[in-house]
Structure formats: structure tokens, C-alpha cells
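A.B. asks: Chains as they are written, first to last, in our numbering: chain Z, 1 to 492; chain U, 1 to 695.
Treat the hints with caution; some may be incorrect.
Said to hold, decoys possible - Simulated pairs of lysine-lysine, DSS-like, Cα-Cα distance not exceeding 30 Å: (1) Lys368/Z x Lys446/U; (2) Lys457/Z x Lys620/U; (3) Lys461/U x Lys620/U; (4) Lys457/Z x Lys30/Z; (5) Lys30/Z x Lys106/Z; (6) Lys187/U x Lys23/U; (7) Lys453/Z x Lys22/U; (8) Lys620/U x Lys635/U; (9) Lys457/Z x Lys23/U; (10) Lys368/Z x Lys635/U; (11) Lys461/U x Lys446/U; (12) Lys23/U x Lys453/Z.
Rather than coming from a laboratory, the hints here were simulated on the basis of the structure.
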Amino acid sequence: MMSPYLLLIPILFPVLGAFLLFFLGIPEEKDRQRNRYLETIVVLTSISVWILIFMAEREPVQIYSFISGFSIAFRMDGLAALFAGMVSLMWPLVMLYAFEYMEHSKGKNRFFVFYVMTYGVTLGLAFAANITTLYTFIEMLSLVTIPLVSHYGNHESMFAGRKYAAFTIGGTGLAFFSVVMTTVYGDSGRFVLGGSLNMSQLTPIMEVAFLAGFFGFGVKAAVFPLHSWLPTASVAPTPVTALLHAVAVVNSGVFAITRLVFFTYGAGSLMGTVSQTIALLTVVFTMVFAAAMALKQRHFKRRLAYSTVSNLSYMLFGILLMTPHGMTAGLLHMVFHGIIKMSLFLCAGAFIHVTGNEYIYQVNGVGKKMPLTFILYTLAGLSLTGVPLFCGFVSKWNLVTAGIEAGSPQSLSGVFALIISAFLCAMYALSVSVRAFFSTEESDLYLNRPDVKEAGKSMLIPIAFFGILNIVLGVCSQPIVDYLGKIAAGML
Amino acid sequence: MLIPLIVFGPFILGPVAYMIGKKNEYVRDLFVIFVTGAELLLSLGLVFTMPSFSINGILCGGLSFTTDGFRSVYGVITALMWAGTTLFAREYFEEERENLNRYWFFVIVTLGATEGVMLSGDLMTAFVFFEILSFTSFTWVIHEETEGAVRAGYTYLFIAVIGGLVLFMGLALLKFATGTLSFADLKVAAFTSPHPTMVFVAGICILFGFGCKAGMFPIHVWLPKAHPVAPSPASALLSGILTKVGIYGILTISMTALYGNETFGLLVLLLGVVTMALGAVLALFSINLKRTLACSSMSQIGFILTGVGMMLLLTAEGSEEGAGVAMSGLMLHMVNHSLIKLTLFMAAGVVVMNLHVLTLDEIRGWGRNKLFLKISFALGALGISGVPMFNGYISKTLLHEGIVEGIHHLKKYSGMLSVIEWVFLISGGLTFAYMLKLFICVFVQKNKDEKRQQAFDSDRKCMNVASTFAVFGSSILMVVLGQPFVSTHLARYMTGFEEILHFHAFSPENLKGSMISLTIGAAVYLVIVRRVLMRDGHYANLWPEKLDLEELIFRPVLTKYIPDALGAITIIFGENRVLKPVLSAFFTRGFGAVATMFGENKLLRPLCKAGLAVACFASKVFESVLDGLILLLRKTVMREKKVQGREDPSPELISTLYTELGAVARPLTSGFTFAMMMTCLGIVIVLCTIIFVIF
Numbered sequence: 001m002m003s004p005y006l007l008l009i010p011i012l013f014p015v016l017g018a019f020l021l022f023f024l025g026i027p028e029e030k031d032r033q034r035n036r037y038l039e040t041i042v043v044l045t046s047i048s049v050w051i052l053i054f055m056a057e058r059e060p061v062q063i064y065s066f067i068s069g070f071s072i073a074f075r076m077d078g079l080a081a082l083f084a085g086m087v088s089l090m091w092p093l094v095m096l097y098a099f100e101y102m103e104h105s106k107g108k109n110r111f112f113v114f115y116v117m118t119y120g121v122t123l124g125l126a127f128a129a130n131i132t133t134l135y136t137f138i139e140m141l142s143l144v145t146i147p148l149v150s151h152y153g154n155h156e157s158m159f160a161g162r163k164y165a166a167f168t169i170g171g172t173g174l175a176f177f178s179v180v181m182t183t184v185y186g187d188s189g190r191f192v193l194g195g196s197l198n199m200s201q202l203t204p205i206m207e208v209a210f211l212a213g214f215f216g217f218g219v220k221a222a223v224f225p226l227h228s229w230l231p232t233a234s235v236a237p238t239p240v241t242a243l244l245h246a247v248a249v250v251n252s253g254v255f256a257i258t259r260l261v262f263f264t265y266g267a268g269s270l271m272g273t274v275s276q277t278i279a280l281l282t283v284v285f286t287m288v289f290a291a292a293m294a295l296k297q298r299h300f301k302r303r304l305a306y307s308t309v310s311n312l313s314y315m316l317f318g319i320l321l322m323t324p325h326g327m328t329a330g331l332l333h334m335v336f337h338g339i340i341k342m343s344l345f346l347c348a349g350a351f352i353h354v355t356g357n358e359y360i361y362q363v364n365g366v367g368k369k370m371p372l373t374f375i376l377y378t379l380a381g382l383s384l385t386g387v388p389l390f391c392g393f394v395s396k397w398n399l400v401t402a403g404i405e406a407g408s409p410q411s412l413s414g415v416f417a418l419i420i421s422a423f424l425c426a427m428y429a430l431s432v433s434v435r436a437f438f439s440t441e442e443s444d445l446y447l448n449r450p451d452v453k454e455a456g457k458s459m460l461i462p463i464a465f466f467g468i469l470n471i472v473l474g475v476c477s478q479p480i481v482d483y484l485g486k487i488a489a490g491m492l
Numbered sequence: 001m002l003i004p005l006i007v008f009g010p011f012i013l014g015p016v017a018y019m020i021g022k023k024n025e026y027v028r029d030l031f032v033i034f035v036t037g038a039e040l041l042l043s044l045g046l047v048f049t050m051p052s053f054s055i056n057g058i059l060c061g062g063l064s065f066t067t068d069g070f071r072s073v074y075g076v077i078t079a080l081m082w083a084g085t086t087l088f089a090r091e092y093f094e095e096e097r098e099n100l101n102r103y104w105f106f107v108i109v110t111l112g113a114t115e116g117v118m119l120s121g122d123l124m125t126a127f128v129f130f131e132i133l134s135f136t137s138f139t140w141v142i143h144e145e146t147e148g149a150v151r152a153g154y155t156y157l158f159i160a161v162i163g164g165l166v167l168f169m170g171l172a173l174l175k176f177a178t179g180t181l182s183f184a185d186l187k188v189a190a191f192t193s194p195h196p197t198m199v200f201v202a203g204i205c206i207l208f209g210f211g212c213k214a215g216m217f218p219i220h221v222w223l224p225k226a227h228p229v230a231p232s233p234a235s236a237l238l239s240g241i242l243t244k245v246g247i248y249g250i251l252t253i254s255m256t257a258l259y260g261n262e263t264f265g266l267l268v269l270l271l272g273v274v275t276m277a278l279g280a281v282l283a284l285f286s287i288n289l290k291r292t293l294a295c296s297s298m299s300q301i302g303f304i305l306t307g308v309g310m311m312l313l314l315t316a317e318g319s320e321e322g323a324g325v326a327m328s329g330l331m332l333h334m335v336n337h338s339l340i341k342l343t344l345f346m347a348a349g350v351v352v353m354n355l356h357v358l359t360l361d362e363i364r365g366w367g368r369n370k371l372f373l374k375i376s377f378a379l380g381a382l383g384i385s386g387v388p389m390f391n392g393y394i395s396k397t398l399l400h401e402g403i404v405e406g407i408h409h410l411k412k413y414s415g416m417l418s419v420i421e422w423v424f425l426i427s428g429g430l431t432f433a434y435m436l437k438l439f440i441c442v443f444v445q446k447n448k449d450e451k452r453q454q455a456f457d458s459d460r461k462c463m464n465v466a467s468t469f470a471v472f473g474s475s476i477l478m479v480v481l482g483q484p485f486v487s488t489h490l491a492r493y494m495t496g497f498e499e500i501l502h503f504h505a506f507s508p509e510n511l512k513g514s515m516i517s518l519t520i521g522a523a524v525y526l527v528i529v530r531r532v533l534m535r536d537g538h539y540a541n542l543w544p545e546k547l548d549l550e551e552l553i554f555r556p557v558l559t560k561y562i563p564d565a566l567g568a569i570t571i572i573f574g575e576n577r578v579l580k581p582v583l584s585a586f587f588t589r590g591f592g593a594v595a596t597m598f599g600e601n602k603l604l605r606p607l608c609k610a611g612l613a614v615a616c617f618a619s620k621v622f623e624s625v626l627d628g629l630i631l632l633l634r635k636t637v638m639r640e641k642k643v644q645g646r647e648d649p650s651p652e653l654i655s656t657l658y659t660e661l662g663a664v665a666r667p668l669t670s671g672f673t674f675a676m677m678m679t680c681l682g683i684v685i686v687l688c689t690i691i692f693v694i695f
């Protein structure tokens, strides 16, 4: 067993390592040098994460204490291992993709420094052992990703960056109320499965605090009234929209809410309260609303961004059911949606990178020129809809059965909404594939475009990896489901 | 080992076929014929060995396969259909052999998926393979990539998706209500379930889901559109097998979870009757060869569903024998219809590959001198019309017998069932009428265009040996299955219902039903088809265009009303309409108000000014005092000889301070940053309050 102090390594290493890049003075055009340096950092970090997942002691380690109760502490537990493991698997691959995607972009040094720093911050968020630490890292995550969103520096990007900052920083401020309340009334906001509050029943003020926390962290998870930063932020480079706005940042919101529901307030005391109903109905509404919005979008990445909004609500739906099965299902969707959305975004990015087009009506016929990309896109789309053989089916099946098991009218309405939004999902995801593969000769835009062909290797490898993962996990999902079941039962 | 080979083999060989096709199309064509042939041989093994097979731990609860009489027969028929169409497709696709890799890949994979459904031992397995075949068969519909095909493809795809999702929902409900999805345990589990209503709702969902594929009213809309645009070998499979997959699903639920459920039976019966009648009428009005056959498929599905409904009702009543008769009838009719549609669609395919058109006026008279085709088509037509000595006769008679049993045993529904009996007989008659229409048009009448007729007559050859073998060989089965001995034994094998062996197919009562149907059919042909539906000797399309369920209801609902409703939501809550003003009012105006209230113009500036003024005044006073003091001192104690007038720096310093302070404060107080600062301030205030209140 290893000392839990070692948890600091994967958090600090990418942050400092990336920061060092500024002082190394690698010129903008020296791509290979920089790429090697950064990929080494990221891969080493990922390796250390996996070593820690298996070896680190499950003891909390306190790094610094502000005042009594409010402290920065880290701990490796099942949920942390899940989130960190997922992120650490994706980062090295998307880095590869980013190297090719960003090759003609300006300001690569700045971009990659922040991109790698985000990795460390995300891991810190995963390892957080109490709510203060979680809150700190969530705010840090917002700050460190702002330069990534406005990377291109044009008017749109700057606006997106401002909006992103206003929503995430300002919104997460709401959660501060919850942070303080749970720290004071709980065991210093320590994360214990089943809740760490020292009251048998929630007082109304605590329910308000929970809702503040839910909506505060829910900004990251793009819960309905506070969702609109996510589609706007899709102007960012694709590696950012894929990894951060489909997985790391948005899932950190879901992760935080999971911590809030199951590890601080406790599912037992929240179940059946008004606050649960309010949160659940918000999420149910978001599912359908965002799916409908996605159908309306004509911009490829905006459509996918709205789809993310909708799917984040699936996860939150599972978690807000507040049953172990619901938690399993929600977390399962977190992992599987990450894989699927990664796949979708990377394919969309490859399309944008190769053709320079960004709109849905411009994909007509491109499937014949980029068959691999769009086959994998189609598989991911089917998976997102919930077709068996793909991983989306497993999580959706668990969500639906968990919803039916919970049996309350809210949860049943959620199940219904889930089915409707799955249908909408088929419409918005698969219509792209149909356009790409089956366009009539008149509408084929790429018939006489010999320059349009598959993207390069370092883009295709991550795309293929996630595509294969999509099917492999869809068929053999049992180990992951069991693992998550153990987390939900508090055995890890 | 047999089942994994049959089910998973095609999933592996599909990509292999694709790879081969990249190198050489001819080898690929032979390879797919070999694959389907091998599949046929293997599936024959099912009948003798009756294996079962399961894999645990994958796909939400594992896959399990089982065989019984019905399943093994359908396993064989599936493989037979594939073998026949593949054999035929070699000639059919002669002209576009290069672009068929995709087509063959999906055909082979769908074969595996279909066998997977047919041999499934639990609903989850059935669902998994059902979804696969839904999506893989989509490529058949859209294969031609014409405008019509794309449109039909969308219809097919979305109905498949809706069906899949509703089925998914049904499965989840059933799993919760009964705790199992295995066909073996479902019957007992459903009867002891604490949630009977949920079981019923799950049954409805499953009926809808599988009904989508079966072409059941009101979700039949894809069927008449998709079959004509697909290549003929694929139409044969769509019509002959994929609809049966739907029926198979409805049957499994009727035999297990909702076994003998009266309400469910009534529902299926009524939907079946509507499908049966509507399909027949649509087929009668159609002037397109393949569309007629497609509508005919729909009608025959209605016949089968009527049988399912009767079986459920009779089981509910406790009439074992009646239920057995209905069950034998419906299963036989499934088999018969698959084989008949195989023959008929391949015959239609022969027309398409020679003429590339399907409208009756243009193909009229083409088959006058094509003997084998004529015989094959005639056998198929006789089979489907239920003429004695051909296969449709026995199954339709059994279905009719089921309804008659119902009239005897189910007193409370006897009135309704009598009406249904007549609808049944008339639909049977319409079947005869539209088949006569097709046969006479293609094989008897002469074309209106005499030059065209001459061209037709001069060309005797229409298909090669392999295709003739496929088309003619499959049509022989009509006669074989038309023998009561063969049919009743087949029925007993599938249903396990022994008394069916004593069924007298040619008893006077049974013949009477058939004769009534055929008479009605002949009359309809002579009166309606020849007098009403033909204008100036042409086959006229008299079906009102507007009467299209899809165009009338589904498409508007799906593409207009639901998006409108959702659009209304998105408009109301969308970022640009209400929400944004509200949010901006909240975030910018609200903070702005705070900012202005405390901001430079209202409070802060006057305050600053006042403060500065006070400070100015105070410093002035202080200064004056000091100056006075200094003056006093200079005048008195510290007096010097020469005192130069000193410039007073103070007012300038303060004015500089004022402007400097303003310059620092302006960017702070204006806009976003200030709002953020105020938020932080708010947080700090909250924090302080809480800390001071609590501690």
C-alpha cells in the first residue's frame, strides 16, 4: 500500500509540468518537441493515476486547513477511482487528437499549457475528500478552462468565454451556501456514503441549501435554466468541446452532485423531500427540452452540445432517484456517455477539420469519402439512442429499470421523458448519418471533391479506440456494472 | 454448437463477404450463396437436434437461445428464404454488381440477427437481435438512394426507432413486474406478479414494438412504401421474414406473459381485422406490382393477427381445442405467407430486372410467353388466395375455423365475431381479386401499346437457370404444402396440438367458406376491378392521394406538431426569447442595478466626492491651521531674514489623487468584473453572516 500523500503527484505534476512549458521556451512552430513533452507528462500522469487506483490507501490526507472544518484534503475511494480512471484513459488519447487538430492554430503553447493543467485540476476534483476541496477545485476548473474556450480569440469566442465564466463562476457561487452548511452541520463536509450530516431530518433551510448546491454544481452539469453556456462554448476547438465539454468539466458537475447527494446530505435523508422533487423535475424537463433544442440546431457541434445537455440530465436523473440502482445507472451513463460523446465529437471534429464545414446540411454524401469516421459516428449515434450491442443501451436499460423500480410519479415521468428524448436523440443523431451515407446524386456535396478524405492517423486512432470501446463495453458491461454496484453499496 | 454457428456465423461472415467483395465481386457472389446454403443445411440440423444455448454475463443479463417445433421450423424457413433470394439476386443485380458490398454485408448480418430472434430463449435476446435487424434492414430500403427510397427509408427508420424504444420500455416494465424475461419462466411469473396492470401495460408496449415490424395497423405505414423501393430480393425478405419477426414477438408475449388475457386478445383481434381489411382494400386499388404485393403482405399479417387474437380469446374462455385450431392456423399461415411472398416478390423481381418499371399499364402483357414465370406466379397467386389444393387454403380454413369456434364458445362476443367472420371472408375474396388482377394484367392481357407488346413477345428469355430454379422451386412448395397430410403434420410439429391430425380439410363446411371467398373475389374482380378501377382500358390510380395515414397523421405529427410543441417549449425557454431577457435582467440588470445603486453615479461618486470634499476641507483646515502655525512661528520664533513665498502643493496633490482614484475605480465599477466582484462580496457577506450567526 502506498501513502495517500502520493495523491498529490497526479494533481501537481501536470499543472507544474505544463506551467514549465512557458519557461522552456519552445517556439510555436516546434510541434514535435512540444507534443512529445506534453504527451509524456500526460501519459506519466495517467500511469500514476492507475497505480494509485490500485495501490493507494483509502485514507484521507489533509493538506491544509483554512479554519476549523474548512480544509483541503484528498482521498482515494471508489467514486474517485471511477472518475479519475475514466478521465485518465481519455486524456492521452484526446491529446493525440488535439495535436493534429490544432496543428494550424495560433497560440498553441498557451492552449496546451492550459489543456494539460486542466488535467491536474480535474484529478484534484476527483480525489477531493471533502466538500470544501471539491468546491475549490471546481472553481479552479472554471478558471483554467476559460482561456481554452476563447482560444480562437474572435468575437464569438470571446463572447463564449465571457458567458462561460459568468455562468460557471457566478453559478458555482450558489453552491457555496451548500458547502458552508454541510461543513458546519456535517462532519466538516467529509464524504461518507450515506451522508455526513449530524441531523436526523433535514430542516427547510438545509433543503434550500441542497437546492442551492444542486443548481450551483448543476451549472457545470448544464441543468436547465443554467445550461446555455454549453452550446455557446461549442465554438471552442474540438478537443476542448470533446474532452472538457462532453466529459471532464460537465461530468465534474455530475460528480459533484453525486458527492452532494450520496456522500454529504445522504440519500436517506433527501429521499422524498420537496427538494428532491424539484431537482428531479428540473432534470426531467431538461432531458426533453435539450433533446428538442438539439434537433433544432443546424450547427454540428452545437447539436452535439445540446445532446450533451440532455444526456447529463439522464445521469442526474439516475442520481436523483437516490437509490443504489439509480446511482449505479447514473454513474454508468456518466462513463458510457463519456465514451459515446467523445466518439461523436471526435468524428464531428474530423469532419470539420477535413472539410472546413460546420453545418449539418453540409455533410451530405461525406460518408463515402470518410467512411470510417462516419461509420464510427453512426455506431456512436446508435449507442446514444440506446440500441443494444452498444454501451448506451446498457446504461439506458439501467436508468429505465431504476426509474421504474423507484416507482414514484416523478421517476415514472422521468422514464417516459427518457424514452421521448431517446427518440429525439435518434432523430438528431442518425439523420446526420443518413445524410452522410445515403444522399441522392443531386444533393451529394462531395462527389467532385478529391481533397476530402479520411483524417490523419493521430485523429483516427482515438476515434477508432472510442468506437471499439463503445462496442466492447456494450457487449461485456457486466464488470463495470458490478464495480459501480459496489461503489453504490459502499463496498469500495 | 449449432446455434452459435447459425446465429453468430453470419455476423463474422458478413464482414468477410465485404472484404472479398473489395477484391472480386464474382467470388463474393458465390461466397454469399455458399454462406446462405450452409446456413440452410445447418438450420435443418435444428429440427433434428433441438439444441439450446446460452451465454451469461453479456448484454444486461446474457443471451439465451432455445428451440422448439415452431422455432426450428422458422429457423429453417428463414435460411430457406435467404438461400432463395441470394440465388436469385445474382442475376437480379447483374448491372450494378460493383456497388453491392454494403448490400451483401447487411444481408448476411441480418440473416444472423433474424435467426437470433427466431431462436431466442428470452425477450432480451429477442430484443437485441430485433434491434440489430431493424437497423441493418434499413439499408435495404434505402439501397437505391433515390428520392423515394430516402423518404421511405426515413419512414422505416423512425418507425423502427419508435418501435424499438417502446419495446425497450415494455421490456423494462415486464422485467420489473415479473422479475424475469425468460420465456420459460415468464408465464408463471406473470400470473403471480404483484403488478398485473404493469404486466398488461408492458404487453401493450411489446405489442406496439413488434407490431411496428409486423406492419400492424396503425403503424403499417412504412410497409407499402418500403417494399416497393427496396430491391426485389430484399422486398421478399422484408415481406416474407421481417414481418414474421414482428409476429413472432407478438406470439411470444401472447403465449407467455399475457397467455389467455382476454382484453389483450380483443385488442389484437380488432387490430388484426382492421389490418386485414385495410391491406386488402389498399392492394385492390394499387396499380403498382410490388406495392400490391406489399399491401397484400399487410393484409395477410392481418389474417395472422386475427388468428392470434382468436387464440387468446379462446384460451381465455378455456376452449383448448379452439385455441389449438387457431394456433395451428396462424402458424401455418405464417409459413405459407413467407413462402408465397418469396415466390411472388422474386417473380416481381424478374419483371423489374427486365423492364425496370412496375406500373401495371407498362408491364401489361409482358409475361404472356414466359411459361415458368407464369406458372410460378400462378401457383403463388392460387396459394395466397386460398384455393383448395394450394397451401393458403388450409391455413385460411383453420383460421376461419378458429373464428367459427369463437362464435360457438364466446357467447358475449358472438355478434361481433359474426361480423369479423364476414370481414374475414370478404378480405379473402379481395385477396383473390387483386391476385387475379395482377395475374391477368401481366400474363393474360395484351399491352395497349402494340409495339411494346411486340417487343415483349419477341423476347422469350427472362431469367437464367439459377433464378428459374429459385423462383420455380419455391413455387412448387405451394403445392406440397397444399396437401392436408403435409400441412397438418407440419402444424402438429409446430404447435404440438395432436388433434389437428384429424382435421378434414376438404369437408363440405370448410369448402363452403373457401367457395364464398372465391365467389366474392371473382365478383369483385369482374365488377369493381374491370368496371370501376379501369378507365379507358388503363389501370387507373383511384385511391385518393390524401388518404395516407402517414401523410395525413404521422408525418405532420412527427415533423410538425411535435416539433411545434417542442419548438414552443424551446422558444419559451430557449435562450433568445424569454429566458435570455429574464437571465439578462437578473444577471446584468440586477447586478447593474446594484452596481448603479452603489455605482459611480448614484452613491459611490457622490460619496467619494463628499468624502473627498470633507477630506479636502479637513486638510484645508488642517493645512490652514498648520500654515497659520508655521506663519506664526516664522513670524515669531523661527523668524528668518528672507522669507520667499512658497508654492502650496496640497490642492494639486488632492486633485491628482482624485483623478487617479477615479481612473482605478472606473474599470472596476463598470460592467462584468464589477458584477463578479459584487457576487464575491455577496458570498463573503453570506459567509460572515453564517459564521457569526452560528458561532
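A.B. asks: Provide an ascending list of the numbers of those earlier hints which the structure does not satisfy.
C.D. replies: Those not satisfied are hints 1, 2, 3, 6, 10.
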